[in-house]
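Build out the structure end to end from the sequences listed, making use of the hints.
Take a look at the letters that make up each chain.
There are 2 protein chains.
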Amino acid sequence: KLTSMGFYSPRVFLRHIFSSQEAGVWPIWMEDETGRLDQTVVGNKDFSVTSLPVHLTVSPAAERLRYILGDDEETMPTPTLFTEMDTLQQEGDELEWKESARWVKFEEKVEEGGERWSKPHVSTLSLHSLFELRTCLQTGTVLLDLEGYSLPQIVDDIIERQIEEGLIGPELRDKISFVLLRKHRHQTKKPIHRSLADLGKSGSGVSEWSIFISIHLYTHCLAQSRSMNDIADTPSTDQLKNKFMKKIPRDAEASNVLVGEVDFLEKPFVAFVRLSQATTLGGLTEVPVPTRFLFVLLGPLGKAKSYNEIGRAIATLMVDDLFSDVAYKARDREDLIAGIDEFLDEVIVLPPGEWDPKIRIEPPKKIPSADQRKSVFNLNELGQMNGTAGGGGPLGEELAYTGRFCGGLFLDIKRKLPWYPSDFYEGFHIQSISAVLFIYLGCITNAITFGGLLGDATDNYQVHLANFMSTFLGTALAGTVFCLFSGQPLIILSSTGPILIFEKLLYEFSKNNGIDYMELRLWIGIHSCVQCLFLVAMDASYIIKYMTRFTEEGFSSLISFIFISDAIKKMVGSFKYYPINTDFKPDYVTAYKCECLAPDTINLVHPKAENSALSSQELIAFENYFTLDWTQLSKKECVKYGGSLVGKSCKYVPDLALMSFILFFGTYTMTVTLKKFKFSRYFPTKLRKLISDFSIFMSIMTFVGLDMLIGLQTPKLIVPTEFKPTRADRGWFVMPFGKNPWWVYLASFVPALLVTILIFMDQQISAVIVNRKENKLKKGCGYHLDLIWVGFLMAACSFMGLPWYVAATVISIAHIDSLKMESESSAPGEQPQFLGVREQRLTGILVFVLTGVSIFLAPILQFIPMPVLYGVFLYMGVASLSGIQFWDRIKLIMMPAKHQPDFSYLRHVPLRRVHLFTLLQIVCLAVLWILKSTFLAIIFPVMILGLMVIRKMLDMVFSQHDLAWLDDILPEKEKKKKEDEKKNTKKEKKKGKGGNDSEDVSVLVA
Amino acid sequence: KLTSMGFYSPRVFLRHIFSSQEAGVWPIWMEDETGRLDQTVVGNKDFSVTSLPVHLTVSPAAERLRYILGDDEETMPTPTLFTEMDTLQQEGDELEWKESARWVKFEEKVEEGGERWSKPHVSTLSLHSLFELRTCLQTGTVLLDLEGYSLPQIVDDIIERQIEEGLIGPELRDKISFVLLRKHRHQTKKPIHRSLADLGKSGSGVSEWSIFISIHLYTHCLAQSRSMNDIADTPSTDQLKNKFMKKIPRDAEASNVLVGEVDFLEKPFVAFVRLSQATTLGGLTEVPVPTRFLFVLLGPLGKAKSYNEIGRAIATLMVDDLFSDVAYKARDREDLIAGIDEFLDEVIVLPPGEWDPKIRIEPPKKIPSADQRKSVFNLNELGQMNGTAGGGGPLGEELAYTGRFCGGLFLDIKRKLPWYPSDFYEGFHIQSISAVLFIYLGCITNAITFGGLLGDATDNYQVHLANFMSTFLGTALAGTVFCLFSGQPLIILSSTGPILIFEKLLYEFSKNNGIDYMELRLWIGIHSCVQCLFLVAMDASYIIKYMTRFTEEGFSSLISFIFISDAIKKMVGSFKYYPINTDFKPDYVTAYKCECLAPDTINLVHPKAENSALSSQELIAFENYFTLDWTQLSKKECVKYGGSLVGKSCKYVPDLALMSFILFFGTYTMTVTLKKFKFSRYFPTKLRKLISDFSIFMSIMTFVGLDMLIGLQTPKLIVPTEFKPTRADRGWFVMPFGKNPWWVYLASFVPALLVTILIFMDQQISAVIVNRKENKLKKGCGYHLDLIWVGFLMAACSFMGLPWYVAATVISIAHIDSLKMESESSAPGEQPQFLGVREQRLTGILVFVLTGVSIFLAPILQFIPMPVLYGVFLYMGVASLSGIQFWDRIKLIMMPAKHQPDFSYLRHVPLRRVHLFTLLQIVCLAVLWILKSTFLAIIFPVMILGLMVIRKMLDMVFSQHDLAWLDDILPEKEKKKKEDEKKNTKKEKKKGKGGNDSEDVSVLVA
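First to last, the protein sequences are chains A and B. Oh and the first sequence: position 1 is 1 in the UniProt record's numbering, straight run, nothing missing. Oh and the second sequence: position 676 is 676 in the UniProt record's numbering, straight run, nothing missing.
Because the hints were derived from the structure by calculation, they are not lab data. The beta carbon of each residue, even a glycine, is placed where N, CA and C say it ideally should be. Be a bit skeptical, because a hint or two may be false.
[Said to hold, decoys possible] Calculated cross-link-like contacts (lysine-lysine; reagent style DSSO-like; alpha-carbon spacing at most 27 angstroms):
1) K648/B / K365/B
2) K358/B / K98/B
3) K119/B / K365/A
4) K891/A / K358/B
5) K676/B / K678/A
6) K776/A / K416/A
7) K414/A / K932/A
8) K358/A / K891/B
9) K898/A / K676/A
10) K898/A / K891/B
11) K119/B / K585/A
12) K416/B / K511/B
13) K820/B / K898/A
14) K366/B / K366/A
15) K648/B / K651/A
16) K820/A / K675/A
17) K676/A / K898/B
[Said to hold, decoys possible] The calculated label-pair distances, taken between Cβ atoms and stated as ranges, are:
18) V572/A / F683/B: 20 to 30 angstroms
19) I433/B / M948/A: 53 to 63 angstroms
20) T934/A / F683/B: 52 to 62 angstroms
21) F509/B / S634/A: 52 to 62 angstroms
22) R404/A / P896/B: 56 to 66 angstroms
23) I433/B / L919/A: 33 to 43 angstroms
24) F683/B / M701/A: 29 to 39 angstroms
25) S634/A / L597/B: 23 to 33 angstroms
26) I433/B / K365/A: 39 to 49 angstroms
27) V572/A / L835/B: 41 to 51 angstroms
28) R331/B / F264/A: 44 to 54 angstroms
29) I433/B / S634/A: 33 to 43 angstroms
30) K365/A / E91/B: 29 to 39 angstroms
Here it is in structure tokens:
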């Protein structure tokens, strides 16, 4: 019969053939009132949940399933099923059940001769076997809720029923029972040492001997009564020892599939049993999991392969989420068959000419959730799902403008306070240790390098590379305070590039204008702190909401580039610091020397007329000229005493530059390689993860070791041994008054404003990146709370003449990455799920305490060569760059279209628009980079704001659809609503004409 | 109805439902006389062809197909089909057909908004759509062999037929015709520059404007008569310019699928048309390929997705090898439906819970051949296939023992002679250039390094690193002769490690016993040459046949290890040659110098009593003592004139060792990286292949450039400027008589025997590796012919005092690799097939001519630093190691079982046996390596023979089944037959009991 639409549903015709009692034919494509499609049936799996109409029209199989599944959904979720398939094998002359495959979610097969488990793979079935299985269930015995306590009793019950139904003659009872109660041999790994013991015995010899024994046993066995079966009632030690158990969820139950061919049957013996209680049936299952389902298929000789395929089909069905629900709740045979029909409706078909069935398909990274499939039958769940799917993410809510004084701040505190205790106890985890070590190394590298740069930039007013103690102490102090009290303790405070640039420019300005730098800086700090408090009080952080991926990426790539360029600059610098004598000829080694010659005596004796008084230096030289042995002086001493260095080798330092390069490049390469090691095939997963987590540490250790081994005097971390202010003319605290005129105190408001913008942007962009929804943070964020602490710390640091600290993007991302949690026990083949980040304050605090303690680690730290640290620096820059979409898009430019990865935005935005967007971003960054290098760098913070303006202008170049894909517009409720309305009116218009826009933008924007 | 077996075939019940005229039900599992299974039906695709019984029992659908396909199989192969699917789209208010997907073999979809082709992927269909398609073909119009010359006429015919059949009313004629003749818009790439022109226009603005225009055009269009359709009869320029054409085979024909929803239909309008002649129907198809098939599906509004799926289903069917055959040869509707049923029988089903249908499945590397599927219907092909599948490969035949004098040699010549002309003209290909360059570089590196080692080993009797001219000339001479006349011109002759070791030991022996080395060597060469001739005459090469993978791998890994260890030794050596002063303190540069002091004068003036006559050196020193400026002397001069070097820096050479290391490691790393670049996603495939092919050359150039840029005096290739024998006491030719007693001439027979074994093994193992069946060589091999030339060249080289040359395994493999051919025009997504190797003599000859000419390239070559060459050396060793199974198995040891790749032997051999085999191999190699380093190295060739003995002993540890998988036993007819017999008897025994061994070893061994 044809429906009005002219199409059959396969479900419909299946029903048509097999169950004559239900003769109705249902049209499957029906429209609801709104004119939308009912797409609940087969073959159309990419309908979005939201597009489901309220009134579903379903087939009778689905109707049946809805009835049995829909009722008690909330009361009891069905347990996970572990399925084991055993086949009847002739081992010597003895029959036994040998495990041939198992399923937790995916199939694992016992390799024919390999005595090993295959990799978990997607079960590829043949349509044939599914139909055969369907016939089996229709004709065979189905026993639901059988009271079973032991295998022999169950087997008896099955056979009894078959005899009752006239399917087998009573004369077969003993034979079938004998076969079904044979011993089960499971696939367990033989340890290597046992196999070495086998060495002496030749393969064939062993099997012959065992055949002899087993024949003997077999005859002996037959002589005994049939109660002497091989099945014990208690789990064996093999079962209990099986390590596979940890891959199976605790509440799991087993379903056992037994298939085999025997010589005494003329037609198949089929039984499907569901026990009323899950029962451990001795050695039936490989693991000590109680059995709930039993499927038996014995058939005449000659069709082992076909039986095997049917067994695989039922096993695959049993682990299917939907069918296992059906199996648990089925009331009769028809329910099971409806389950198969529903399964058939949803199967995915690969054409035989395009795929080789022998290929084992690797489990996919993500599988459509079973809930979505079930929801078709379960209408009450639908609304719920819609609710959660429509959630706009936490960002919008937390950045809402309250309009009250300090409204946001109070909300932040209110939000974070309940989590405060858990922020500590959740930190106790082994993973924290590696995170602390990693971030600690990043922090001190950062502190040392930025400290050094800052010292260079400000003539050591603040800190100096050679006296990094105060940097360490400052970092430790600020970081600990922030981690203890901030809203987002995952953020790591540090000196950052933009601040450095600002300070450098400020110092030059004050030096040129005769203003005392430290006092000016103190006042800027105070002003800035007050401004921060003002911003917090006004809930100003809400504007962050308008920041899109474009701005974020621009900022964070810029920071990454600063990291990379600093590392390379430093490395190139060492080639200048240790120049290589490229003209050196080994044979003419005799020509190279560097001698310290005494100063020109004539010059000394006859000082020039205008310099009548001798300079102190000349005086020393004069005194030394006759007393010193000039040839014994070192280079520095020679210069100090006014001598001159003469010789071809004076300008050059051998080996050190090249050695530095080897250390630098080696550290970088090794870190990258070890990081990637997580994805290699070697060694167990845990070890690989450990190596990957500690890659930076291991690389540092390796190259420190190499450096010590070779023993060259590469530039090392110079660690102070005494604790004192950097410059003698600088005390412990900066005094606020006295050195500058009074108006400077007020005028410093203006540069303070720039600093405030800078700090605000730097801090909040990092926070936005950390709080990205990909990170699945649960404890909420605290933009206002963060900002107030940054403000306070700024004032404090200014008083002590320490650098200013603000959220460090790169290190904060690294912190998040090192604390990511993944689900542990997943079915074999299933990808571990990313669960979220270990949100706590402990790691941050420990990092900064360690940083503070580092001043006592001086004896150890002084072995670390600087090039090794530069290598780590380069790695951090590159690693943080590789995580952002912008970088992916840059790489796309160099790829031919056909090799490009399947990014979702590429499916929806024309490639040339993607490239255009990327190019515009590159241009913006290039301009920023150039500006950063000029005197305009002082308005750098304002330029970041400028990025937001440019982004706004992009609205004119790109359509909202393209931007939605490329720029991940943050949810903004009003705008969204407005757009929705616009879309809806548009859609209605279109629907009148064709309504062919089911994959419309609205789904994306929503 | 149930068959006696209790199972339905899906084909059976499909037929049962849909075609009531054929009511028969067929049992699908029937046994033939031998008791074997008839496995020709569904779901059981891994039956081997050989196991097919002669009498097939098939279903009526298959019967039907066999009838139509079986008849004229040989007369006319059907053309390849290109399928394009166009969907009806509303562009503005105008209707148009928009290309939405295409198939050559795999599906390429037009991404929704991306305006791009998706990657080719396997079409995943739903069972639903296939059943719907089946209904479509049953109810719709099927026009076979329609005389069609233009689209309007075809459309008219279809509509006419539909009206005749009463499927549509005549009032729909114009509307349907109008819709079907709308313009076809194909997906063609917009160039980037055009998109930049779009920049100014905002996305939404453009579309609104175009909507306005199109509405205007639409109304205009409607006003015109229906003959004003958008279809032209001649191919458009867009079609002709389409570059996709080169992906489609020449003889291809198109099938067009048109699906769409319209508002005026109440039930679907379906038509399947086959034209009697393929005709170009204007702009219907994206490429100028004539259309043969047309599938039209128009239906009521609201089911676009369903229609789309049906369209995809028919398109996928059309590119299926089997169904397209059916479509070409179908006599009526029923044939087509039988084709679908057959297709359904073979589909592969993925369970919905284990796979996400949204994932695009990458095309597999290998697809089961269509012939195998067709053969079910085509019995006469079966025997043929069996014949080719059973072929034992060329190796066995060519190494057969003829028993006649020089029998093998004559056969070799007979076999190679017909190919001789093609050996030259087939070399003219662009690929040859890169091969020549690559191998040339490998050759000179090899020549220089082994030449250097040989010179060191024999006190420069033969060649010296500093005078490598003779090495080059010798290599050129021997190589050219061999490439011109040998049996396997792909083999590259060179000095090899084993020969080097032998010569070294021989030299030490003769020095210690006062025998003239060069004369002894000449006699050994003569003896060895005679012995080689004897071996050739006796067809002795046939024993190579008994050499298994075990021996091959042992030998070639040993050679690889020698390469690697030599490269590293040389590198470490440069740290000794240029010692680094690790105590250097930059500040104390003044303390480092190296002065040349004049010799002790007292000693000179008062020579000791026993040395009354002054030695010549002392005399010079004495003379110079007063005339020379000792401080101006170079290191060498100082030593020469008897001065002594005093100073801290004398022993050290700065920078050179580290620079050497950077060059060495950099060259290696860069080569590896560039080689891998072939598999990256960047740049077009051709460019990537080019970069990969020239990776060694590019690395060498880069690091030579870097070296020149830095300008350090790293050790360079020292190139001679004059042409003379190495030592003054050695003439151009070695004289055979005069320096040694007569018995030495005879006794040298014994060492010659060792050399002969060595040469024989070295040469023939390399030849076996080159001739491996994986390489698909077509021109046969010539083991005997090769050996005779090696023998002749040995004698010639001995006369001239040049090194002995023999096949170099590593370079020969590299030669083969660089000449591999792959199929060029393959369907998108299809893996290019490895076609074979460009077998010719030209590349080899050119390599050696270039090597000879290299002595004139001296000015260029002298810029190449030695460490760069060592890096290339290291790469060659590592690369040749990574190609062998032994190395794969070593890596397996470090992998947990679940991460191991899916090697076929792992599926069949227990892991511990695999590890055991690997460990035994490692032990053998370790023993060989140790022996090689002791005085026993002289019997090294005998040890390689020993490997064969050890392999024989492995038969006692491993079963033949395991060895068949791990050790690739070469076909040996008698043995095979015997085993087959044994297996058969065994099998018969087993069959009596269970017969469950269908995947038995016999298939493997056969």
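These are the hints, each one checked on the structure:
1. K648/B / K365/B: This hinted pair is violated, its Cα atoms lying about 64 angstroms apart.
2. K358/B / K98/B: With a Cα-Cα distance of about 22 angstroms, the restraint between K358/B and K98/B holds, given a limit of 27 angstroms.
3. K119/B / K365/A: holds, 19 angstroms
4. K891/A / K358/B: Judged against 27 angstroms, a Cα distance of about 25 angstroms means the pair holds.
5. K676/B / K678/A: Roughly 20 angstroms separates the two Cα atoms, so the pair holds.
6. K776/A / K416/A: holds, 16 angstroms
7. K414/A / K932/A: Distance of about 40 angstroms is beyond 27 angstroms: violated.
8. K358/A / K891/B: holds, 25 angstroms
9. K898/A / K676/A: This hinted pair holds, its Cα atoms lying about 26 angstroms apart.
10. K898/A / K891/B: Measuring from Cα to Cα gives roughly 33 angstroms; hence the hint is violated.
11. K119/B / K585/A: violated, 58 angstroms
12. K416/B / K511/B: violated, 45 angstroms
13. K820/B / K898/A: holds, 24 angstroms
14. K366/B / K366/A: holds, 25 angstroms
15. K648/B / K651/A: Distance of about 18 angstroms is within 27 angstroms: holds.
16. K820/A / K675/A: OK: K820/A and K675/A at ~15 angstroms, within 27 angstroms.
17. K676/A / K898/B: holds, 19 angstroms
18. V572/A / F683/B: 20 to 30 angstroms: holds, 29 angstroms
19. I433/B / M948/A: 53 to 63 angstroms: holds, 55 angstroms
20. T934/A / F683/B: 52 to 62 angstroms: Given about 35 angstroms between the Cβ atoms, the range is violated.
21. F509/B / S634/A: 52 to 62 angstroms: Since the Cβ atoms of F509/B and S634/A sit about 57 angstroms apart, the hinted range of 52 to 62 angstroms holds.
22. R404/A / P896/B: 56 to 66 angstroms: holds, 59 angstroms
23. I433/B / L919/A: 33 to 43 angstroms: holds, 37 angstroms
24. F683/B / M701/A: 29 to 39 angstroms: holds, 38 angstroms
25. S634/A / L597/B: 23 to 33 angstroms: holds, 24 angstroms
26. I433/B / K365/A: 39 to 49 angstroms: Holds, at about 43 angstroms.
27. V572/A / L835/B: 41 to 51 angstroms: holds, 49 angstroms
28. R331/B / F264/A: 44 to 54 angstroms: holds, 47 angstroms
29. I433/B / S634/A: 33 to 43 angstroms: 59 angstroms Cβ-Cβ, so the 33 to 43 angstroms window is violated.
30. K365/A / E91/B: 29 to 39 angstroms: holds, 36 angstroms
When each numbered hint is compared with the structure, violations occur for hints 1, 7, 10, 11, 12, 20, 29.
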